[in-house]
Amino acid sequence: MLFYQLKIAFTSLRRNPVITSLLIGGIALGICVSTTFIALRHVFEKDPLPGKSNTLFYVRLDNWDPQRAYVAEDPKSLPTMVTYRDMRELMKSNIPTRQTATFRTRYFVHPDPKIGRPYAEDVRVVFADFFAMFNVPFQYGGGWDKTADAKPEQVIVIDQNTNQKLFGGANSVGRTVRLEDRNYKVVGVLAPWNPPLRFYDPTQGLGPKVEPIYMPFNFTPILEIQTFGNSDGWKGNDGNGYQAFLNSDTCWLEYWVELPTAEKQQAFRQYVNNYVIDQKRHGRFGRPLHTEVTSMPDVTKEFGIVPPQIRSLAIVSVLFLIVCSLNLIGLLLGKFIARIPEISVRRALGASRLQVFWQHIVECEVVGIAGGLIGLSISVGLLKIVAKVIPNGDVVHLDAEMIAVSIFLSLVAGLLAGIYPAWRVCSIPPAMQLKVQ
Amino acid sequence: MPFGPIIRAMRHNRMRFAFIILEIAITLAIVTNAVNMILDERTKMLQKSGFDDDNLVSIAYQPFAPEFKDESYVEALVQKDMRAIHSIPGVKAAATTYFLPWQGGGSSGVWKTDGFNGKFQAQRYSASGEIFQTIGVKVTQGRAFVETDTPANPNDTTRVTIISRALAKKLWGNANPIGRVITNGEGAAPRTVIGIIDDFYNPYAWNIGEFVLFTPGRAYDSSGAVFLIRTEPGAVKSVLSQLEPRLLAVNPGRVFRVQTIADLKDRYFSGGKLVIGAMTAIIIILVFITALGIMGISSLAVAERTKQIGTRRALGATRADILKHFLLENWLVTTAGLILGVIGAYGLNVLLVSKLSDVKMQWELVAGGMVLLWINGLASTVPAAMRATLVPPSIATRSV
Amino acid sequence: MLEMTHIKKIYRTISIETHALEDLSLSVKDGEFVSVTGPSGSGKTTFLNVAGLLDTFDSGSYILDGKDVSRLSDREMSQIRNRTIGFVFQSFNLIPDLNVFDNVDVPLRYRGLPASERKARIENALSMVGLSARVRHLPSQLSGGQQQRVAIARVLAGDPKLILADEPTGNLDSAMSREIMDLLGKINDNGTTIVMVTHNAECSERAHRQLHVFDGRIADVDRPRVVLGSAVPTPGLAATLN
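Protein chains in written order, with the working numbering: chain A, 1 to 437; chain B, 438 to 837; chain C, 838 to 1079.
Simulated from the structure, these hints should not be mistaken for lab results. Just so we're clear, the structure is a prediction, and the values are computed from it rather than from any experiment. Positions of the beta carbon are idealized from the N, C-alpha and C atoms, including for glycine. A couple of the hints might just be wrong.
[To be verified] Here are the computed distance ranges between Cβ atoms for each label pair:
| hint | chain 1 | residue 1 | chain 2 | residue 2 | range |
| --- | --- | --- | --- | --- | --- |
| 1 | A | P341 | C | K866 | 46 to 52 Å |
| 2 | C | R849 | A | I8 | 48 to 54 Å |
| 3 | B | L788 | A | Q139 | 41 to 47 Å |
| 4 | A | F10 | B | K710 | 41 to 47 Å |
| 5 | B | Q516 | A | D74 | 52 to 58 Å |
| 6 | C | E954 | A | I8 | 52 to 58 Å |
| 7 | B | G555 | A | H282 | 33 to 39 Å |
| 8 | A | S93 | B | S544 | 54 to 60 Å |
| 9 | C | S852 | A | L6 | 57 to 63 Å |
| 10 | A | Q204 | B | L483 | 23 to 29 Å |
[As the list claims (entries may be wrong)] Distance condition first, Cα-Cα at most 27 Å in a straight line; then the derived DSSO-like pairs of lysine-lysine:
| hint | chain 1 | residue 1 | chain 2 | residue 2 |
| --- | --- | --- | --- | --- |
| 11 | C | K845 | B | K761 |
| 12 | A | K384 | B | K607 |
| 13 | B | K606 | A | K388 |
| 14 | B | K702 | B | K485 |
| 15 | B | K549 | B | K506 |
| 16 | B | K549 | A | K384 |
| 17 | A | K235 | B | K549 |
| 18 | A | K92 | A | K146 |
| 19 | B | K549 | A | K388 |
[Stated by the list, open to error] So these bits of chain C aren't anywhere near chain B, every CB distance computed over 12 Å:
| hint | residue |
| --- | --- |
| 20 | S896 |
| 21 | I900 |
| 22 | S928 |
| 23 | A970 |
| 24 | A1038 |
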């Protein structure tokens, strides 16, 4: 039956190529616009670590100026990062199954002079757990272990591009890379890794890419590593020098913990609060007790990493598709009503009301799919243009999920446009039409 | 005009009109919100930094050669670099500063001053003397920095600052700001205001884009330096291409990053440009599509009612009456759609505002959108309505 | 009331010229009830279109109610149709989306009468045709006879001097036909001129005078019965009428 209905649908669509192309064009227009902006939103908003992101938590403490909130106008605001000293204390907890503090710096890489001049590169300073926590993919080797953290050992993880540049893409595990004046042993080379957001660093917003080099956190006090990320302070350091900076109330570290169960989450929140209450006894944390242990999806939302405009565009583009779809109703009504004589013959010959209805729905869905496929291919081009305009745009693409969504949308659009005209046509009794004609 | 019968007649074609009403309503909702977003982005883009954005270039370097550990070497090198920069044809002024216009951030601090209750936050940049000539703003009150303002010894207490007019207004209203003293958040490290610049805007995470303190000082150390350079109009490209080779000739033990402020600005506004481009396209296509939809529905209405039109003509309707009839019918449909659309426009705005940005809908926009769609609706009905006037009255006597 | 002399009407398409009316002359006096018969294609409908100013003609002259209407603008013709003429159509031509009241209202709207007067006329007209109880009904909710009575009420409300009826009983059964003819007769008794085109012999007999159109000319004006003889519907046509 479906095959027969498809055949009738194609015949009917061929009969009036102008109307048919208007119908298909209308759906294509709606689909290409909506697919483009839904895909854009999808790229940036999809869960970077499906199944896992809800177990990763971002920790914040309100250690700000007792007289003034972090954002002066919002008394509920608290610093976006934590201090070095608080991080050190909190990391003593064994409640989290994994945890890491992290920040970004910049170092000079000194390649073999035969290969090229030294160049400055972004380096992320992390604990060993970082790689497992954020599902960092490796091509060769892996992250370092806790003993390397503790010492710290001069080990390093580099990304594929760096490996290509320095070692011609060979398995470089065990070889050394010179950063500034020290040599580090490569323990891991990343597989291609290009998440659209640097999701472990919510303070940086959209744009910067994941860093090409990773080194152990415990070099921080030894090498007096400067952060190249934000650092927020509200009072001066007690004394001069790097140690004074580390002891200060300046917030500059991102601190993530992995808490797989509700019990652990509860326990860790309690632990953080107890820590702050204890610190209050020592004269710190002059503001009301306020700590936040926020899941990754919530923190992404709260920090507004994804520009609101991308979401607005997605919403507007879906409404746009609805308008395109509604717009076709008029055309279809005209087309179907013109076909009433034919329908009444079919009805008189025994086609049931339901069969007539489905006949028209099938026809609309043929239009929907055709328009959808055309729209989808246009949106590939549109996304290329969009990718050029926005920062870090090269991550923008259509994945399988979005292609499925797009085809689903075109089916829905076809249905939305076709259901009322089809109902109108099938509700016309056969006899009346035959008599009048 | 016969509103009553038209409305009563339309009730019998409820569903068909319902779709077009819904379409118009959504169109109004989208168009008004899209224009709102465009205007918002435009306002942000048109915000003047006060600087000669188009003729600014920056070059930053990071050293890897060991000699940079020696501070006196760096001091001498920066002077050499400055001379090299000034020797490039087309360079008007140059300064070392960590401040870059339109980088969408920078550095800031919390301060106190007499006459202002509590603490305040402002951007703060150290810069060498030529900074204001470089960014292209004038010190309109008081004086600019002179060489002796830069303390040779960082612990020197005779410290000064030049602040923006907006900040001075916020702190002391219209009182004379010159000679006022600003301290850090703990009341230490006092600085005397010696000058005011009228124009300053640099977007910042907090709402402090117009508030700035410039302090005289070295914007370089052993880890590198940033030079901001102003060129003669149109000389940006030629200056840009010569910067790196010239400074590399001074000392090759470092890497450079060269960028124009125009590029920075472009990057800062890339999201806004996307919104403006996409929303403009959507509005145009949408209005066009809605016009097509109304044309389709009105031709259908005319085609279906040929006999009725003939009858009306036979009963004495003039061509003008028929034209009026269809225009009026469309006007009613459009108006119904627009009334629903006003609710939709505010509804969508609430949705966008609550979840997303913070641009409130302005009633002028809604009114403008309504007028646009009214005209659009009437214009799109005219072809079908004109066709209707050509239906001859003799249709009435034709059987079936 | 109606004075047509040497009216000629030719329909042209690219290849064919059809002489629909060939030198038609006719005079109808005030208050007369005239029936016009003729076989299919004889030009009855064209005659009605021309008489009702629904269509123009190519030559000849036409004086309606003492006024030369041969060369009028579309607007002036609309006005005369609206004020001077009332139409009763074979297929009633009610507007399906409008209820009975609004249907009767249609010509009055175009005349621009004030609302109170329109209301009074409509109610009066509907009571004359006995449909006062049906004002809110849609045409589709009425029988054929009732629909034609609404159409007649639409004519009455306009109070025209001339009624042009086109097969007014063509879509009705005989009982209903009789009802409609009685109604037209009564209207004529009140002084309104009626020109009725019909196939139906019984209807035709109700007229004061019976005319026959043949090949675009009016024939045998004074011997209606003979004419009727040739105009008796064929069995096939009769079947359609029922």
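Going through the hints against the structure:
The beta-carbon spacing between A/P341 and C/K866, approximately 47 Å, falls within the hinted interval of 46 to 52 Å. The beta-carbon spacing between C/R849 and A/I8, approximately 41 Å, falls outside the hinted interval of 48 to 54 Å. Between B/L788 and A/Q139 the beta carbon distance is about 44 Å. The supplied range of 41 to 47 Å therefore holds. One distance hint, 41 to 47 Å for the beta-carbon pair A/F10 and B/K710, holds here, with the actual separation near 43 Å.
B/Q516 and A/D74 have their C-beta atoms about 46 Å apart, which leaves the hinted 52 to 58 Å range violated. For the pair C/E954 and A/I8, the supplied restraint of 52 to 58 Å holds, since their beta-carbon distance comes to about 56 Å. Judged by the Cβ atoms, the range 33 to 39 Å given for B/G555 and A/H282 is violated: they are separated by roughly 26 Å. Take A/S93 and B/S544: their Cβ atoms lie about 33 Å apart, and the range 54 to 60 Å is violated.
For the hinted restraint 57 to 63 Å between C/S852 and A/L6, the CB-CB distance of approximately 43 Å leaves it violated. Hint check: A/Q204 to B/L483, Cβ distance near 27 Å, so the stated range 23 to 29 Å holds. Restraint check for C/K845 and B/K761: the C-alpha separation of about 34 Å exceeds 27 Å, so the hint is violated. Taking the CA atoms of A/K384 and B/K607, the gap is about 46 Å. The hint is violated against a cut of 27 Å.
Note on B/K606 and A/K388: the hinted pairing is violated, with a Cα-Cα distance of about 41 Å set against a maximum of 27 Å. Proposed proximity of B/K702 and B/K485 is supported: the alpha carbons are some 11 Å apart, at most 27 Å. A distance of roughly 35 Å separates the Cα atoms of B/K549 and B/K506; the hinted pair therefore is violated under the 27 Å criterion. Proximity of B/K549 to A/K384 is assessed by CA-CA distance (about 50 Å); at most 27 Å being required, the pair is judged violated.
At most 27 Å may separate the alpha-carbon atoms for a hinted pair to count; A/K235 and B/K549 meet this at roughly 12 Å. Proximity of A/K92 to A/K146 is assessed by CA-CA distance (about 14 Å); at most 27 Å being required, the pair is judged to hold. A threshold of 27 Å between alpha carbons decides the hint, and for B/K549 with A/K388 the separation of about 44 Å lies outside it, so the pair is violated. No beta-carbon of chain B comes within 12 Å of the beta-carbon of C/S896; the shortest separation is about 18 Å.
No Cβ of chain B comes within 12 Å of the Cβ of C/I900; the nearest lies about 20 Å off, and the non-interface call holds. Distance check on C/S928: its Cβ comes as close as 6 Å (rounded) to a Cβ of chain B, failing to clear the 12 Å threshold; non-interface status is violated. Every beta carbon of chain B lies more than 12 Å from that of C/A970, the smallest distance being close to 19 Å; the non-interface claim holds. Here C/A1038 stays apart from chain B, with its beta-carbon at least about 20 Å from theirs, past the 12 Å limit.
Of the hints listed earlier, those the structure fails to meet are numbers 2, 5, 7, 8, 9, 11, 12, 13, 15, 16, 19, 22, in rising order.
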